[in-house]
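Asks: Sequence lines, in order, name chains A and B. Heads up: the first sequence begins at 1 in this note's numbering, then just goes up one per residue. Heads up: the second sequence begins at 1001 in this note's numbering, then just goes up one per residue.
No wet-lab data here; the hints were simulated from the structure. Small disclaimer: the values here were computed from a predicted structure and weren't measured. Incorrect hints may appear among the rest.
[Said to hold, decoys possible] Listed below are the simulated EDC-like cross-link pairs for lysine to aspartate or glutamate, each with C-alpha atoms no more than 20 Å apart in a straight line:
| hint | chain 1 | residue 1 | chain 2 | residue 2 |
| --- | --- | --- | --- | --- |
| 1 | A | 70 | B | 1431 |
| 2 | A | 86 | B | 1431 |
| 3 | A | 86 | B | 1430 |
[What the hints assert, rightly or not] Some but not every residue of chain B turned toward chain A, in silico, with C-beta under 8 Å:
| hint | residue |
| --- | --- |
| 4 | 1340 |
| 5 | 1447 |
| 6 | 1556 |
[What the hints assert, rightly or not] Beyond 12 Å from chain B on every Cβ pair, some chain A residues (computed):
| hint | residue |
| --- | --- |
| 7 | 31 |
| 8 | 130 |
| 9 | 224 |
Idealized CB from N, CA, C, for every residue including glycine.
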Amino acid sequence: MTAVAATPEASAASAPSVLLDAKNVTMQFGGLRAVNDVSMEVKSGEIIGLIGPNGAGKTTFFNCLTGQYKPTAGSVIFDGQPLPPKPRRVVNAGMARTFQNIRLFHNMTALENVMVGRYCRTKSNALDAVFRLPRHRREEREATERSLELLAFVGLEKQADTLSRNLPYGDQRRLEIARALATDPKLLLLDEPTAGMNPQETREAEDLIFRIRDLGLAVLVIEHDMRFIFNLCDRVYCLVRGEVLVSGPGEVVQNDQRVIEAYIGQPAVMDEGNADA
Amino acid sequence: MKFLDSLSIPREKLAAFQLPAHIAGTVAALLGIASLVFPWSYSHVALDDVAYAGAPSALQFNYLGLAIFVAVLFAVPLVVRKPGKLRDAVAWNTGAKFGGIGLFVVGLVAVLAIGLETGGLVNVDPGGWIVLVAGILALVAGLVLDPSPAPSMGKFKTPRVVQILAIALGLGAVLMAAAFALSLDGAGAFLFYLVFAGVLALTLVRTGVFGWLAQCAADNKQVLVLAAFVAAFVFPFTQNGSEANMSIATQVLIFSATALGLNIVVGLVGLLDLGYIAFLGAGAFTAATLSGSVYAATNWHPPFIVTVLISGTVASILGLIIGTPTLRVSGDYLAIVTLAFGEIFRITMNNLDGTDGPRITNGSNGINNVPELSLLGFNFGAPHTLLGVEIGRFANYFWLMLVVLAVIMVVFVNLNRSRIGRGWVAIREDELAAEAMGVNTFGLKILAFAGGAFLAGLAGAVKAHHDVSVTPDQYVFLESAFLLAAVVLGGMGTVLGVLVGATILKLLPEKLRFFSDYRLLLFGLLLVFMMRFRPEGLIADERRQLEFHAEDEELAEEVEEDLINYHDHYNPDALVKEELK
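Only chain B is shown next, with the shape it has when bound in the complex (with noise of 0.2 Å):
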């Protein structure tokens, strides 16, 4: 918002253009809306086919949605001129001005992108043109608004039952939302629906809606992450078997999951730790090891459960083992130590062929054919069908997928949630304190350590059977590297915010294939913003929040606010109760 505001004009200038730029903007937006009419492009190829006029494509009834939103928050402050309960309930005009600045920015990568696909800007239609310059006339109108008062709308009081309503609808919309995005073919259609899809979201936070469903969604937090379980199951059956979609789902579960252990690490102990990756790496070769493939080095082959806590072990050893010396050293020293362990892993298994050493990876090579998983006589490979849907291979991992990593969420949230996650944060702030006041800080770290390595471990055990193949280069720094940035991206210390970093960082390179040379200068570019304008994240721990932002008064209060309502877990009555039942 500041940055935003040193951009315009000083607002008492403005002052007297308010009710114009209330219909300029609703105007705009309506002519965005007209825009569907005429078709956007000649091509076919351009956004997966916008040229048909009158018979507007999926993607454009997104952005009518978003016109119409938009419109909406344009004109009804003009409807309604008094203050009052629907006046105040919603930030019309911070609302407003969001979303005529995300009209202009979806016109433009529309725009560009039809350009870019079909060579030439000579391509677009008047459709195309109309929707940037609705967007121009939107974002003018947005910038000469006066921001609106803050929302009253979050502290709603609402019926439990419109809340879980709510909660199942906003997850319905998620759900809906992740099923279109992964059936868009082309790279720009993709791209225009993640701006798309940003906008809507950041027009929905300004305007106070969101405040309203977050509220929701404390209110009712069991409800919620059931809900959400309900959905990624019911994931699968919107895609109707495509498998390449089902795989990138489940990379990005395996990824995600490696990332929640990484964020024990460097979430919760605030230890930096660059070698991550080795320990998905460990998991997944013992599990190759184990798993009966031809190349493996031993016959012996347990049947999955055992397997996967076998493989858990492994990294945690393996965590034990560098963690005991190096977590004497702390700050810039463990990273590079930790860097350094990551590359001896990677090197080692490529050493293990039978020359160099042992014959166990088969070096460069891999372990390959690892079999099938097969548990309690259901074989993963095999595609059936269920509810009239076919369910293929990868489905089956992503459930699988999916059981693991709600295993690691509930490790995660409980160890956070004990004497050993207060210790935690008591190392982070002020390690020499807390070995003043008794707290065995070396011994927690080393099980930060090694329970982060462990739930790794579990993921790669995973990841050994959907891959098929388990290789060394799979194991190279930049994974390490990537596992971090969804950690610093998402929120250190939370859950929700990994998930999100990891869904990101494992998904764009999917789908945007074709910037795949410029990934990592994406990507650098993407940190260094973060850095600059939410270093905490974008979904971020409260605490973390404000180690970040120590002068913040105002932020502080909130938090503390917060952690009463975290602090009904402590009431000790509560707990009397919860031990009766």
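Just chain A, same shape as in the assembly (with noise of 0.2 Å):
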């Protein structure tokens, strides 16, 4: 796709290097561990998977990395730089998120939702907007057309003016990844980004991804639909009970038996010793 030039702080990075490094993180709700000692490393350009069963810790592993929530132990270096741990300066410091269920901005429309999303790289204040100076005509411009280019990206040029609430449910999704595209991330988190698609929803999502880190940027996502993964991603980490169970190649992890155990449970054994394991 060259309608969308890949973002400087980007194309610098193209040499693979550590984008994010998150080191033993460990959150705590009172007696509660919903992730516990986490390490992950991701490399600029590399689409990492994050699977497990429900309740492994999967979201609130991302919340931890996007700000939502600060972790209680570890600590995460993001581009170099611990991360902050407020949301929009996780933002700025070029980490966008989708959400599992979607949370667009339902009554504005496509085109708003995306220039949503500039407005991080934008600069113009009260002042420039009451009086139009140039600095806010300029930002609005190149903020439409940006976001124009980031919607034809996605595919959803057409829908532009529509409101996000009459978007069909893959539209949304496409829309979500494309107003998170709008922050110039370099590390774009996916939450569960084809739930709810069919087949053919599912391909273009792939594709989609394909061509996102083609422009430059590492993924993480998280996601259910195993064949997605595997054809996917670099590497997965497969998460159970808030514990990194296996990491590696998707091969590995997808014959690996405990992970086979962790979704499906270990066959029964008929031992009278053992009878309610």
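Mind docking these for me? Both chains are given alone in their own frames, and the hints should help you get the complex.
Replies: If you want it as structure tokens, here you go:
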């Protein structure tokens, strides 16, 4: 896709370097350890998968990375800097996310949604806006152009003026990705991007994520669709009960006995002494 | 409409009665016209004197206009039987339905007002009774009528000259109506006129004429805004130097300006502020202190331009002080904290009297004898003659407030249409998502709080001079509640809506003194009805309307169409052209 130029930051980091370095991240809610001692490394240009059964702590780990939660222990280094603890600072640092249950601004048009994403990359203040100073006009024009480009990139150029609540489900997912891309991220976090999609839409989403990677972005994706994950990802982390069970290339994780057990359980052993195991 | 339908009899049974209904409605309206030949009442007191036979008063001429209009609505479908351009352009039946009901309401109000003002229905003369009978007949005819399909008038292609002419005529009519309403002395007459105007407006809306006017207005926005300001500017000339009315008009403007500031906080960002009047008070007290009044705590008397800016700044600093700790809570909690803040402000002003605290405000006596404004050698207190009309003190302040209001409107609209405005909408829709997309939610909320306070401070500075004295008891909680009511009643997030809401809430109590005891009761009822039947306000912001009617797909499509028009402003080509100019 030539319409969207790779962001300068992303192209500068084209040589694989460690973009995200999470060390021993722990998130404790009272007596519950939702995330326990998770370490993860993401290099630029990589697509990393994060799988695990329901309640394994995947989304909680996302929230720790993006500043919604402050981890109780551990450290996260992003792009050589410790991660600020506020969601909007995290976005400024270059990490954007989508949500498991779509959180678009429903009564805004698709274009307006994406333009909200441009907010953190524009600087004009109240005075610029009130007096319609050149900076406001220039930024407004640039934000519109960039947003339209991004809408075209995800294939929604014809729906720019549609209220996001009126978009079909699959389009809403893509719009959320466009909105996240509008913040010029280096790392994109996708929380179940194909949930509720049919096979055709899933293939399109796969293609979209590859194209995002080709822009030079790293992608971290939570997903339950195993074929999707193993087609897509360079490496996969499997999280179970808040801990990393296995990590490595797709084939390794896919064939790991422990992963299969975590998802579908152990074969029942009819052993008298261990009947309720 | 649905509410109305549930009242009437099943439609199928009425199919045979369409023709008689048209005839009956026409006859009823003609009967209403005939009533003007007779006196409506013995007494010269009622409805500003409707006692002369054969010589209708100005008020009765208004009724005549309505009756003729309704007669036409009922009669045209009798004459033009075949569907065609004329038949489809206007929703004759729907209009006649509402016109008929309206004629009844107006007739009822007329008779009741005469009865109340003269101490008994015995004082109602034949003319009055004919009006009521005509109303009842029109009501029945109207209820029987089937509603007509949606009128096509709004989609007409109209030449630009005609559109602009229509805007000018429309605003001229509004100006004359406003001048006439203010000239009425009796409460009964005013109430009658108000009901009349409401009925006329509703009937016009239902016939589709307003749809066409709205299209004219949408196509010529700049002309409309300019014309509206010209109309407002001309208003003092219609008053022949009547100081009382100009004072009311100026108060309406001050109230509107403050409500617009509040509208940023409530309408755009969606935060509930129940202590907003404190910011108006802060502006007023600051301006009074710096006015050079002998009661002021300081002798420093800067020019008014400086005073206005200082007043606004003081108010916005107050906004920052209250906002920084409290904007971390939201919803009901924020409402309670701001309510408390409003009271703290009033009590503090009461205590800065030299005994309980430093002498700044003279406590409950306030700062009196605030001198008249003088800008560039022009004394606002002195009346002068312009184009043969005497322009009094209040007219001067009216014009000044008009300028302040224009400034506030520009600030409101331009902020709304910028990245800041988009951020505000995003916060209102989903604050967590907005924060996660890099929007500085806390900063934007503070900006709305401080910015709104600044605008209220500007209005307060003028208010101090207009009122001559500034006392703490002008800034009680009730005033905050009225401000909020104006925003909710008019329409959250719109400029025009808030102007309408503020006008209604400020003008009614001034003109209807007799119901001042029941003021709160009636406003309470009004708000309950609004929440039930039109929660988005009289003139609604489209996005807001969607928030209140989440299930309405048709509405969503309409709004989408309008937003595309709105996006012409964002069209990159259009912006480039604009810059080249």
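Asks: Flag every earlier hint the structure violates by its number, smallest first.
Replies: Per hint list: 4, 8 violated.
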